[in-house]
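Using the sequences and the hints, build the whole thing.
Just so we're aligned: 1286 in the numbering used here is position 339 of the sequence shown, and the numbers increase by one with no gaps anywhere.
One or more of the hints may lead you astray.
[What the hints assert, rightly or not] Distance windows between CB atoms, simulated:
(1) L1255 - I1030: 18 to 28 Å
(2) V1112 - F1437: 44 to 54 Å
(3) T1221 - Y1487: 50 to 60 Å
(4) S1110 - P1436: 45 to 55 Å
[Unchecked claim] Restricting the straight-line Cα-Cα distance to at most 30 Å, the calculated cross-link-like pairs of lysine-lysine (DSS-like) are:
(5) K1275 - K1047
(6) K1458 - K1347
(7) K1483 - K1458
(8) K1246 - K1278
(9) K1096 - K1163
(10) K1118 - K1047
(11) K1061 - K1169
(12) K1434 - K1163
(13) K1275 - K1061
(14) K1075 - K1169
(15) K1047 - K1096
(16) K1246 - K1414
(17) K1265 - K1075
(18) K1235 - K1075
(19) K1163 - K1116
(20) K1118 - K1265
(21) K1246 - K1274
(22) K1116 - K1096
(23) K1278 - K1047
(24) K1347 - K1531
(25) K1075 - K1278
(26) K1274 - K1169
(27) K1047 - K1274
(28) K1434 - K1235
(29) K1061 - K1246
(30) K1275 - K1265
(31) K1075 - K1275
(32) K1531 - K1338
(33) K1246 - K1075
(34) K1523 - K1338
(35) K1163 - K1075
(36) K1347 - K1523
(37) K1278 - K1414
(38) K1075 - K1414
(39) K1033 - K1061
(40) K1246 - K1116
Hints were generated in silico from the structure; no laboratory data involved.
Glycine residues also receive a C-beta, built at the ideal position from the N, C-alpha and C atoms.
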Amino acid sequence: MEEKKFDINSFIGMILIGGILFWWMSSNQPEIDQNVKTTSEQVNEASKNYANSSTDAIPAVESDSLKQANLQNQLGAFASSVINGKEGTTTLENELLLLKINNKGGQITEAIIKGYETHDSLPLHMIKDNNASFNINFGTTDNRILNTKDLFFEPTFSNNGSSQVLSMKLKVSENQFLEYRYEMTDDYMVNFAVRSQGLSTVINSSNTINLDWSLKGYRHEKSLSTENTMYSYFYYKSDNEVDYLGVEDNDLVNNVDWVSYKQHFFSSILVSDTPFNNAAIASQDLVKDEATDSVFTKKYSLITPLELTNGELNYNMKWYYGPSDYKKLSKYEGTNLNETADLGWGIFGTINRWIFIPIFGMLEGFMGNYGLIIILMTIVVRIIMSPLVYKSYVSSAKMKVIRPELNALNEKYPGKENAMKRQQETMAVQRKAGVSMLSGCIPALLQMPVFFALFKFFPSNIALRGKSFLWANDLSSYDTVFNLPFKIPFYGDHVSLFPILASIAIFFYMKMNQSQQMNMQAPTQEGMPDMGKMMKYMIYFSPIMMLFFFNNYASSLSLYYFVSNLLTITIMLVIKNYVIDEAKIHAQIEENKKRPEKKKSKFRQRLDDAMKQAQEQQAKQKR
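Below you can see the structure in the form of structure tokens.
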């Protein structure tokens, strides 16, 4: 089983954000299982064996006796299902979902999620035009291999209270049949059962019975690359843990409770009360060239054996066709389906679940403009984090005051041979002044989880899908102010304004903050890299990277970074001009120097002893 891992684009995005924060700090989806090759071969072999056992599709039926005789010879006990079968579909529909179930194969051949549209304003289909297939492949006691997708089921529709019930029976006789039972309520989740009656003498139990469910995901979003490479994944729950396949990957897994074919904001999910074992799962990327491969994103497939109980099939399952929304999926308790919402792993997901989702939901309750919700949410986040900005500024001011002393130490102890002594004296000055380099780094570190969490939150939030703000038509996708007649590598064929504004804001923030960052840096020592030069490069490099990466990303995220940096600049100006008093800080440092030095901690004593020993060793080597 493959461990959880980052998708490459999300990783690049996090590296970009982390790089900016690292600059501030410095100046102030997973490992592949060792057995993946083996399991891949097993999956391929399982698929090959399944393909070899499949029969050709049943030809159109003619009424003459010769054709009936041929069908009898080909299908045996199930020939009557084709001879007497009728083309047609039955519709199950509620306010959220529309399903059409075809008599041939008894499977869903059309699934529409209501209340949503594609990026080009078409009904949002999960299934249509044979992009999906649900089939059970089985052997009979008279040595035939049959596929339910080729056979005709007899529909019986009824109402059970508020539920719509559709029984699809593949009959051998009135008392011998394979049944698919669909039950729809007022939910996205549809109960589904597969059971047989009286077929213990018809189905050959020595042959493997395979369930085969595959789907080619239709493109739904404006940004094909973002939808396909960053948010469309094959999720599954195996051995009580949720995992997912890579972009081009397959595996052989056991104890599978459900599989989810996720397509950014929408998912097709099959849940089973009886776990699947030896399930061959696979994900295939169908977009080789975005210019031509623009209809489908990925192909997902599940091939798993079904077990007989007393010679009969009896599986209780569920179909889910609906939004990949954390709140909606959370109501299915005990399933862990909400983990497919992709809120980030570890602490990032925790922050999103317990902080940002409630805050967003609260603002959403009394405000309908989602652009303003993002701005207000940004203001709340920045206000909460403003004490950390203050701490960083205080540390910068302290370092500025003692910087002349540190420069003097560099001149007093020049060269590599005095590096240890110079470092020791530098630490002593900082300690007497009550200044710590960590005091500037820790505030930045504490902010990193917030940045990474929001990096996941906004692009995955379905509430923003299709919502406009200013010139952005869809906050879940990129905004466009100008279409280019050509495509720029890594940038695209359009110009998005929000990433430009965010990049400008980042540039001015870094430019304005440059002096503070220089204060936080210890004087450059011989043999060490010049952090000042690196900071100058980062001032220009980070905005450019932001501009290129976020040009195809959700405009909501760029809007957040733009507003967030404007607020940070404002907070910095207020702290610098109205809060921090450098004269007071200088006086406090001088007062600290007069106080007797505190007893050394055991850690500091060990550190000083180690530095002293290293210094003595250096002296011996000189002799």
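**Violated hints - listed by number, lowest first** = Hints that this structure does not satisfy do not exist here, as all of them hold.
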